[in-house]
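**Student:** This is what each chain is made of:
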Amino acid sequence: MGILEVKNVGKRFGGLQALGDVNLSIAEGSVHAIIGPNGAGKSTLLNCLVGKLIPDTGSVMFDGQSVLGRKPYEINQMGISRVFQTPEIFGDLTVMENMLIPCFAKRDGAFELNAITRVVNQHDVIDKAEAMLSDMNMIEKRHMHASSLSRGDKRRLEIGMCLAQDPRLLLLDEPTAGMARADTNNTIDLLKQISDERDITIAIIEHDMHVVFSLAQRITVLAQGTPLVEDTPDKIKGHPKVREAYLGETAH
Amino acid sequence: MFGLNTKDTTLLLIVAMLTMFAPFILNPFPADSAMAQFNAGYPDLMQRFVIFGIFAIGFNILFGLTGYLSFGHAAFLGVGSYSAVWMMKLLTMNVIPAIALSVIVAGLFSVVIGYVSLRRSGIYFSILTLAFAQMSFNLAYSVLTPITNGETGLQISLSDPRILDGAGAARYPNLFGAEMNDATTLFLGGWSFTFSVGYYVCAVIMLLCFYLSVRIFRSPFGMMLRAVKSNQQRMNYTGLNTKPYTLAAFVISGMYAGLAGGLLAAMDPLAGAERMQWTASGEVVLMTILGGAGTLIGPVLGAGFIKYFENIFSKINDSVLHSWFSFMPDGIEDLMVTLVHPFVGKGWSLTLGIMFMLVVTFLPGGLVEGGQRIGRLLRRKPAKDDSASGKTEPAE
Amino acid sequence: MDAILLQLLNGLDKGSAYALIALGLTLIFGTLGVVNFAHGALFMIGAFCAVTMQRFLTLSYETIDETKKDFLGNPLKVSSTYVESWFGPNIGSTIIDWAVPIAIVMAVPVMIAIGFVMERGLIKHFYKRPHADQILVTFGLAIVLQEIIKYFYGANPIPTPAPDMFRGSFDFGVLLGFDPNAIIYPYWRLVYFAFSAIIIGAVFAFLQFTTFGMVVRAGMADRETVGLLGINIDKRFTIMFGIAAAVAGLAGVMYAPINSPNYHMGMDFLVLSFVVVVVGGMGSLPGAVLAGFMLGILESFASMNEVKDLLPGIDQIIIYVVAIIILLTRPRGLMGRKGVMEE
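Going down the list, the protein sequences come from chains A, B and C. Just so it is clear: in the first sequence, position 162 is 162 by the working numbering, and no numbers are missing. Quick note, the working numbering runs 252 ahead of the 1-based positions in the second sequence. Quick note, the working numbering runs 648 ahead of the 1-based positions in the third sequence.
No lab work stands behind these hints: they were computed from the structure. It is possible that some hints are incorrect.
Some chain B residues near chain A, calculated using beta-carbon distances under 10 Å [stated by the list, open to error]:
(1) G293
(2) R467
(3) L492
We put the CB at the ideal spot given by N, CA and C, even for glycine.
Just need the whole structure built from these sequences, with the hints factored in.
**Tutor:** The structure is reproduced here in structure tokens:
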């Protein structure tokens with residue numbers, strides 16, 4: 001029984017069957033990659049997991065509880081954090097404030113009318129945010145406006161913000177898309193380190209095979225809205241069906 | 253001090269000094285001098301400064317922090333005024349219950365209007381609030397006449413019951429007997445300074461409101477509101493429910509508006525529907541933007557600035573202009589008067605509109621940003637050796 | 649039955665005005681992505697074009713008529729208009745009588761020019777600024793425009809009559825077999841309705857059948873793509889702004905006889921027109937027209953005594969109530985596309 005169990009999930013947009021009949025199980029503590037050609041339904045699947053979309057059929061269970069019909073913030077509070085394709089951070093706020101917000105969300109829940117206390121007096125939260133920034137090697141940038149960070153730093157900050165909530169499952173949507181090679185390698189190292197050091201499950205949607213094969217312990221290949229195969233990276237590399245789905249595109 | 257950092261404490265003390273010594277500061281010219289028309293230190297005007305300051309401080313908590321632009325906040329001001337007058341009609345001329353009721357009723361109103369309006373964002377939110385305010389205005393003007401007294405406006409009268417006040421009690425709004433329009437005037441040489449009870453009641457309340465707003469700005473709640481403005485998507489995926497945050501901000505600012513409305517009625521016990529018109533909502537938007545939305549002091553400055561110039565500009569007539577330009581040759585004097593005439597007196601709104609456009613276009617941060625820019629310019633010259641220490645980091 | 653028909657007709661003229669203003673607002677929303685709070689002011693300026701034309705045509709000079717004496721025995725001063733002296737008294741007075749329709753000739757270039765100046769001089773700098781800034785700067789502009797008009801024309805409404813031949817009322821009732829005087833309807837309102845229908849038709853035809861219109865429609869659907877095609881969309885958008893201003897102005901010119909123009913009429917109409925745009929669906933031209941007429945007629949029905957007895961005050965708030973209900977149940981409005989101005 002995995003930490004995330006996706007059973008018979010289907011989703012239609014008008015005439016387009018975006019997801020056919022998806023079954024997926026992600027084992028606790030693993031790094032699981034979902035790959036597939038463009039239009040395979042990767043993003044739709046991800047959106048179904050975080051509450052942005054509600055699938056037409058099937059069930060999604062996280063740690064034994066259904067996530068269907070819950071709002072994104074409720075699903076996040078259950079322990080699923082999401083990293084976006086283009087970093088979603090609070091651009092107008094400082095790096096420190098960016099990190100404080102998930103720490104408050106973790107401590108106080110979805111809403112708390114903390115209108116009179118002062119942020120600077122919340123020592124537990126501040127210590128935690130500073131520790132997280134140190135882990136991300138960003139502590140000296142804490143007074144900078146987040147919008148002025150480099151692309152790679154924004155990505156680091158976003159991942160740090162997700163980790164600050166101590167999620168049990170971290171979902172990453174093409175975290176290295178549009179990155180230079182050096183930034184990509186840094187991100188791979190960071191994710192490896194996170195996976196090694198923390199008690200966390202990572203699910204990653206990725207296009208870049210270099211990233212996938214450097215990180216993943218298991219890989220699911222999605223094509224035309226249905227999973228083709230699920231196996232270890234070594235097996236996937238030589239799998240005929242995968243070659244067909246991926247390389248078939250060029251064979252046409 | 254007061255649970256604030258040094259910078260905020262300084263700011264609070266400056267505002268406190270300004271409001272407490274306003275009767276002196278605003279009357280810099282001897283009473284019989286030609287410049288006396290620029291004096292603003294009389295109670296009625298000073299009350300307006302601080303009351304509209306409260307209104308703008310509250311509006312800024314919503315607009316400045318969350319970015320939700322409400323075009324209907326005058327409705328809460330109007331509701332506050334009506335509630336206060338009713339309290340003075342039915343219960344007592346003491347202003348405390350009147351003000352308390354105006355805050356509560358405006359709060360309830362803003363819960364309802366906010367709950368509905370906040371289901372949409374951006375321009376839709378602005379139009380929804382506009383629709384609600386305009387609806388309240390129309391209702392106050394027509395159907396609700398039994399409550400609002402329609403066009404004439406709600407007033408107190410001798411025949412009102414006033415259950416708590418016995419026979420022969422004060423007939424004017426008062427604070428435990430001290431009447432709002434009581435004032436003492438201090439004559440010093442050619443100068444005269446008026447201290448009125450009403451002004452100091454308003455000023456103390458404004459200081460409390462300002463202090464509260466500083467605390468809100470520096471609280472986790474305030475930070476969350478700025479985060480709402482910055483990126484709602486990230487809020488949702490960080491496990492935060494944005495709705496109660498925005499609603500709380502909306503209600504807080506609605507209560508500030510209600511308090512301002514209650515104070516207006518407490519100073520002068522009448523309430524009219526025109527206080528709820530959307531142009532009145534526009535005015536508080538102007539004040540906040542002009543001063544600097546999202547800054548602590550901005551709304552106070554904006555409110556003071558607009559109310560001061562409204563008063564001074566609208567008093568300038570052609571004879572005043574002639575006396576100003578009398579040092580010029582006749583032809584040029586007349587030309588100058590003709591040129592300036594459209595912008596003063598009844599033309600004050602024109603000046604305001606132009607000023608507002610200029611501020612939004614060139615100085616989106618308002619007067620506060622303008623001050624900072626000037627400050628930076630002035631500092632640049634003597635601080636050349638200082639620049640070696642690198643970019644100054646913004647204070648927390 | 650006749651009462652219902654009457655209200656339907658009564659709703660048409662207000663509905664026409666709403667539809668025309670909302671059409672212009674939507675054109676600007678859709679093409680430029682700008683929320684124009686000064687659009688009501690353009691409507692108001694249009695109405696004052698009619699006032700100006702009337703004043704211009706009645707410009708007069710004084711002559712001393714030696715043949716007549718006033719009561720003191722001095723020669724009488726006679727004032728006569730230039731128009732009458734140029735064209736003769738008959739044609740002259742007809743021209744003066746037709747001041748409002750003639751004002752259209754003046755309003756079109758004036759409004760287009762104002763539109764161009766507004767777009768190039770101000771709005772252009774706000775394309776990339778937040779919607780709140782656009783609202784605020786155009787709100788400031790609206791104040792400025794109405795104060796300028798107030799300075800030159802004063803604060804009081806200025807009666808601007810329609811041509812004599814349209815001043816009566818038309819008895820619809822007789823036409824439809826009801827009693828005489830059951831449904832009477834002023835001619836000018838019929839003219840206004842027909843005029844609006846023509847303008848609306850012309851705008852749609854223009855967008856539908858010309859290359860220019862095609863590009864603009866493509867731009868409304870996806871501004872960036874059209875920009876990538878190398879079409880100079882910005883220039884076309886400037887022209888579009890001029891057209892939207894002209895539509896609002898024409899709506900104002902012809903509305904002058906229905907409601908004597910005053911400097912704040914623009915603001916009064918603006919709030920309602922925004923509601924119309926939102927109900928119709930942000931960015932949808934047919935939606936704006938449909939919602940304009942629908943709300944005009946609804947407002948007129950709500951002011952029937954039978955309805956008012958049942959729900960007092962409903963006529964004052966019906967439009968807002970409908971707008972709130974629609975925004976909450978159908979956030980995109982009646983015919984709106986997804987995602988327009990949702991941020």
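**Student:** Would you mind marking each hint as holding or not holding in the structure?
**Tutor:** Hint-by-hint comparison with the structure:
1. For G293 (chain B), the suggested interface contact is broken, since its CB lies about 34 Å from the closest CB of chain A, more than 10 Å.
2. Using the Cβ-Cβ criterion of 10 Å, the hint placing R467 (chain B) at the interface with chain A is satisfied: the shortest such distance is roughly 5 Å.
3. For L492 (chain B), the shortest C-beta to C-beta distance to chain A is roughly 5 Å, which falls under 10 Å, so the interface hint holds.
Going down the numbered hints, you'll see the structure goes against just number 1.
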